[in-house]
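Numbering (numbering that gives the first Met the number 0), first residue to last: 0 to 177.
If you are wondering where the hints come from, they were derived from the structure by calculation, not from laboratory data. Given the structure is predicted, the values throughout are model-derived calculations rather than measurements. Please note that the accuracy of each hint is not assured.
[Claimed, not checked] Cβ-Cβ distance ranges computed for the label pairs, FRET-style:
hint, residue 1, residue 2, range
1, His69, Leu142, 19 to 27 Å
2, Pro83, Thr172, 43 to 51 Å
3, His129, Thr158, 34 to 42 Å
4, Thr172, Pro42, 31 to 39 Å
5, Ala107, Leu40, 23 to 31 Å
6, Gly24, Arg108, 34 to 42 Å
Glycine residues also receive a C-beta, built at the ideal position from the N, C-alpha and C atoms.
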Amino acid sequence: MARSKIHTTTTPNPTTYHLAERLKGLAIDSLYRFTAGHRTLAPIDGHTVTALHTTHPWGYSAQLHATDSHGNLHAAAEATATHPLPTAISSRIRTFHSGGLAWHNAAARITNDACPDPADQTVYVASGHHHYELSRRLNPATLREYWDLRIDGQRHEPTFAGPTGAAEYVTDTTEARR
0 MARSKIHTTT
10 TPNPTTYHLA
20 ERLKGLAIDS
30 LYRFTAGHRT
40 LAPIDGHTVT
50 ALHTTHPWGY
60 SAQLHATDSH
70 GNLHAAAEAT
80 ATHPLPTAIS
90 SRIRTFHSGG
100 LAWHNAAARI
110 TNDACPDPAD
120 QTVYVASGHH
130 HYELSRRLNP
140 ATLREYWDLR
150 IDGQRHEPTF
160 AGPTGAAEYV
170 TDTTEARR
């Protein structure tokens, strides 16, 4: 009888992308009851969650971070709202981890001078054994989202359905060879 191998991830630390998604939702929610300052929120999955709410000349921002008991960052997200309120709120994931890699959003940081443009393309970068770039694109014909992975500038085929699949692929293949 033939055996079929079932792919299981070898990632010692699973991706924290879904944790970052939860932080993104909390960042949006927190702007509805905005009070400037730094505070600790309810923990998520054993992670300490801190929030920094800031008033800017252009509007408001909420930056959330999830850390472990040693203070190591596992995920981060942010949301912004421009004046006058009520207005549209934009949000994004800033950081998530997969294995030993930290994936960072390459978009502009929040500053007092300008609100990040929500229309900017989503691009995550990570450095390990190679340089990785993960970018989101939308197929206009099907309105489906695809994620392109570049390893040291070379495009990897096939595309991925989401960032977690691409990040785990990197962790399980190219980074596993280290």
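Here's how the hints hold up against the structure:
1. His69 x Leu142: 19 to 27 Å: violated (42 Å)
2. Pro83 x Thr172: 43 to 51 Å: Holds, since proline 83 and threonine 172 (Cβ atoms, about 49 Å apart) stay within the stated range.
3. His129 x Thr158: 34 to 42 Å: violated (18 Å)
4. Thr172 x Pro42: 31 to 39 Å: holds (33 Å)
5. Ala107 x Leu40: 23 to 31 Å: holds (25 Å)
6. Gly24 x Arg108: 34 to 42 Å: violated (21 Å)
When the structure is compared with the earlier hints, violations turn up for hints 1, 3, 6 and for no others.
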